[in-house]
Amino acid sequence: MSLRTRIVQRPGCRQDLSGATSTPIYQTATFAFSENSSSARFDYSRSGNPTRRILEEKVADLESAVGCLSYGSGMSALAAIFALVPLGGRLVVSRDLYGGSFRLLSDLKERNLANVVFIDTRDLEEVSRALSSQTDLLLIESPSNPLHQVTDIRQVSDICRRRDCLLACDNSIMSPWLQRPLELGADLVIESATKFLGGHGDVTAGIVGWRAQEIGDRLAFAHNALGQALGPMDAWFLLRGLETLAVRIDAQQKSAKVIAEALSKNQDVRELHFVGLPNHPGYELHQSQAEGAGAVLSFEVEDESIAKNVLSFTRLFATTVSFGSTKSTISLPHGMSHGSIPKHLKGKLGPPNNLLRISIGLEDPEDLMEDLAQALERSTTNLGANLR
Amino acid sequence: MQSASVHRFETRAVHGGHTKPIAEGAMVSPIFQSTTYAQNSIGDSIQHTYSRASNPTVARLEEAIASLDQRQHAICFATGMSASTALFFALLQSGDELICSDVVYGGTTRLIEEVLQPLGIEVRFIDTSDATALRRSISKRTKLVFVESPANPTLKIADIGALAEVTKRAGTLLAVDNTFLTPCLQNCRELGADIALYSTTKYFDGHNVTVGGALTLDDAQLAKKLRRLLKTMGLNQKPFEAWLTLQGIQTLPLRIHQQSRTALELASWLEGLPAIAHVFYPGLPSHFQFSLASKQQEAGGGIIAFELKSGFAGARSLVSSVQLITLAENLGATQSIVTHPASMTHADLNPHDGARIGITPGLIRLSVGLESFDDLKADLAFCLLNLSDSISATGEVTL
Numbered sequence: 003m004s005l006r007t008r009i010v011q012r013p014g015c016r017q018d019l020s021g022a023t024s025t026p027i028y029q030t031a032t033f034a035f036s037e038n039s040s041s042a043r044f045d046y047s048r049s050g051n052p053t054r055r056i057l058e059e060k061v062a063d064l065e066s067a068v069g070c071l072s073y074g075s076g077m078s079a080l081a082a083i084f085a086l087v088p089l090g091g092r093l094v095v096s097r098d099l100y101g102g103s104f105r106l107l108s109d110l111k112e113r114n115l116a117n118v119v120f121i122d123t124r125d126l127e128e129v130s131r132a133l134s135s136q137t138d139l140l141l142i143e144s145p146s147n148p149l150h151q152v153t154d155i156r157q158v159s160d161i162c163r164r165r166d167c168l169l170a171c172d173n174s175i176m177s178p179w180l181q182r183p184l185e186l187g188a189d190l191v192i193e194s195a196t197k198f199l200g201g202h203g204d205v206t207a208g209i210v211g212w213r214a215q216e217i218g219d220r221l222a223f224a225h226n227a228l229g230q231a232l233g234p235m236d237a238w239f240l241l242r243g244l245e246t247l248a249v250r251i252d253a254q255q256k257s258a259k260v261i262a263e264a265l266s267k268n269q270d271v272r273e274l275h276f277v278g279l280p281n282h283p284g285y286e287l288h289q290s291q292a293e294g295a296g297a298v299l300s301f302e303v304e305d306e307s308i309a310k311n312v313l314s315f316t317r318l319f320a321t322t323v324s325f326g327s328t329k330s331t332i333s334l335p336h337g338m339s340h341g342s343i344p345k346h347l348k349g350k351l352g353p354p355n356n357l358l359r360i361s362i363g364l365e366d367p368e369d370l371m372e373d374l375a376q377a378l379e380r381s382t383t384n385l386g387a388n389l390r
Numbered sequence: 013m014q015s016a017s018v019h020r021f022e023t024r025a026v027h028g029g030h031t032k033p034i035a036e037g038a039m040v041s042p043i044f045q046s047t048t049y050a051q052n053s054i055g056d057s058i059q060h061t062y063s064r065a066s067n068p069t070v071a072r073l074e075e076a077i078a079s080l081d082q083r084q085h086a087i088c089f090a091t092g093m094s095a096s097t098a099l100f101f102a103l104l105q106s107g108d109e110l111i112c113s114d115v116v117y118g119g120t121t122r123l124i125e126e127v128l129q130p131l132g133i134e135v136r137f138i139d140t141s142d143a144t145a146l147r148r149s150i151s152k153r154t155k156l157v158f159v160e161s162p163a164n165p166t167l168k169i170a171d172i173g174a175l176a177e178v179t180k181r182a183g184t185l186l187a188v189d190n191t192f193l194t195p196c197l198q199n200c201r202e203l204g205a206d207i208a209l210y211s212t213t214k215y216f217d218g219h220n221v222t223v224g225g226a227l228t229l230d231d232a233q234l235a236k237k238l239r240r241l242l243k244t245m246g247l248n249q250k251p252f253e254a255w256l257t258l259q260g261i262q263t264l265p266l267r268i269h270q271q272s273r274t275a276l277e278l279a280s281w282l283e284g285l286p287a288i289a290h291v292f293y294p295g296l297p298s299h300f301q302f303s304l305a306s307k308q309q310e311a312g313g314g315i316i317a318f319e320l321k322s323g324f325a326g327a328r329s330l331v332s333s334v335q336l337i338t339l340a341e342n343l344g345a346t347q348s349i350v351t352h353p354a355s356m357t358h359a360d361l362n363p364h365d366g367a368r369i370g371i372t373p374g375l376i377r378l379s380v381g382l383e384s385f386d387d388l389k390a391d392l393a394f395c396l397l398n399l400s401d402s403i404s405a406t407g408e409v410t411l
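Those sequence lines, one after another, are chains A and B.
Count along the first sequence starting at 1, add 2, and that's the number in my numbering.
Count along the second sequence starting at 1, add 12, and that's the number in my numbering.
Note that these hints are calculated values from the structure, not bench results.
We treat Cβ as the ideally placed atom computed from N, Cα and C, and that holds for glycine.
Worth double-checking, as some hints may not be accurate.
Here chain B is said to cover these stretches of chain A; the calculated rule only asks that three of the stretch's residues, wherever they fall, bring their Cβ under 8 Å from a Cβ of chain B [as the list claims (entries may be wrong)]:
1. 92-104
2. 236-247
3. 315-325
4. 359-368
Take the sequences, apply the hints, and build the full model.
Here is the structure:
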């Protein structure tokens, strides 16, 4: 059965007693033990819940994972995989990464729980060098958010295998419809399901999928013992949102390409970061490992004050963090999603202050382009200058 | 900021008539799961008092639907049938006459025959695919003409513009049940209808998770009357259902266009199969009203009907052997659904009446979902090829 169909239909839907075509919401804390058995399939919703189980089976199937667990947020999922690193172990991470991940990693480092090293994972020699010291986990994101730096997932996974290091790939910006890191050799896939998987901006959730059951067992132990599970209602929202994953992303990335092409010709746009255009340095590599460029892109304007003006002049693009929703959003990563990167590191890590990130939603692309064009125009004319 | 007319359809679907959040900056509307609303003093005029009468989340859905249908008013109801109930009760009294399409959803027929007619409301069922039939039937007592286009389940089309001319001349109202196409594929206001009715359960929600209905119109007096009836009879939509429908509407254009494209491919393929006597799909050139459909619809829609040569035996065999497609009532969802109208949605019709209007024992209705065309084709092909082997064309079993 094709991926498009598996996105719509969940496995095992005919097994429900009622035949309900929408998954039941098992909003229950406990499950009664049956008379003739001392162990029920489910006993307590922290440990297992039917609605959540169906979600996890479905996402595992889409990600080509052996198994999957869902978490209360993307950060909770990331924290769960960082916990696979033993005390005093070593973590290597892509340099262009989400500010929330940076906050969490800084905490690990400050409390001497792990050593954290930031590298440019586009450079395979840099990866080899970094992994020449005993490393427990390498976390990459490709294309990276927000700069669209492309890492060769197959090559990096080969290096990791030789060095006995786990490779985790944050796939939030792509979703399994466009890229399946486990098929490319990664050991773990993480997604902030808040983004494209849920897709409607109505739930925060995270997922982790794995290729080896031994790792899955370790994650499952912590998931239950620490109580990291996603609630049944949120699991149900994700299941419902997932059904339109393919049609949403197809439409969003089609619009993103049209908008990127228009932005590349706009005189007020300095640098465009979008892997969907053939002149992007990572274009061919990305084409070889993913099926599309997605719907999140970023661009630089002359300076920070112009960037701030653009934010305030857009009407259809809401100024907000997150991405991947039906509604288009715009953000200034430097001060918003990546605001927790300390000032003294901002030159080396994280996005520049004149960078705007946009996430393309399901609006008509012409409406979106008209909105961006007028915002850019107003931001750079005298009117904008006065407001500055 | 209102975006009722400045933006294109896809944009209005996502923003629901607004481009700015209404509360706390939240990008998704809050769910106002509240029975009542605090008042500061006696006679204090507040927007909402009691959720049977109105509710902020339901109001948000009404704004979204009004914006999509480019109407002044949209009113939401607990179900599609409660929207029909409100419409009929608002416009019809004992001695008045209703003219209705001969092919409509079975629940509409049941409401008319079991509730309206016993109250002394006269009803004529006519073939609304023929505007001259309406011209002949309409009288001074006709208070409402109620049409389904395309008709459920035979997908017959009514020329809405031609019917609107007749009703305008007669000084009566034309209501169109636009559930099958939604404002995305058919704009009833532009075609001249006074009122559109929707079962929002179908394409607006689109995920098989709610039941709901809506009426859209421009007449402020009638809207006021409908709202009063809604409050009096307790026909109100619920906040959580309204919120889910709002979230569903955001992908409405994507879903229905994709479903329409797959439906056209499937209909073209089905047409060439030996087990099939006839395919009814407004997007096919072989449909007897293809040129009318092309004129008043953006696309053929996501519903196909087809008649099996092997009649009821074939229908029973088909619906019980599909694996991917679910046998169920409802339509317009992400998952494909197959229905046997004669025994399911239209079971309350007597078989003789059913057969006369095309709802025969061998008729199958297919609601095309978002699965891939190849997988749907394979699922149907497996059943239909078995069918031509095991059942002879003469082995028809009647209900």
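Verification of the hints:
Against chain B, the stretch 92-104 of chain A contributes 0 residues with a C-beta closer than 8 Å to a partner C-beta. That does not satisfy the three-residue criterion, and the hint is violated. Residue count for the stretch 236-247 of chain A with a Cβ under 8 Å from a Cβ of chain B: 3. That meets the three needed, and the coverage hint holds. Counting residues of the stretch 315-325 of chain A whose C-beta lies closer than 8 Å to any C-beta of chain B gives 4; at least three are required, and the coverage claim holds. Under the rule that three or more residues need a Cβ within less than 8 Å of chain B, the assignment of the stretch 359-368 of chain A holds, with 5 such residues.
Violated hint for the displayed structure: number 1, the only one.
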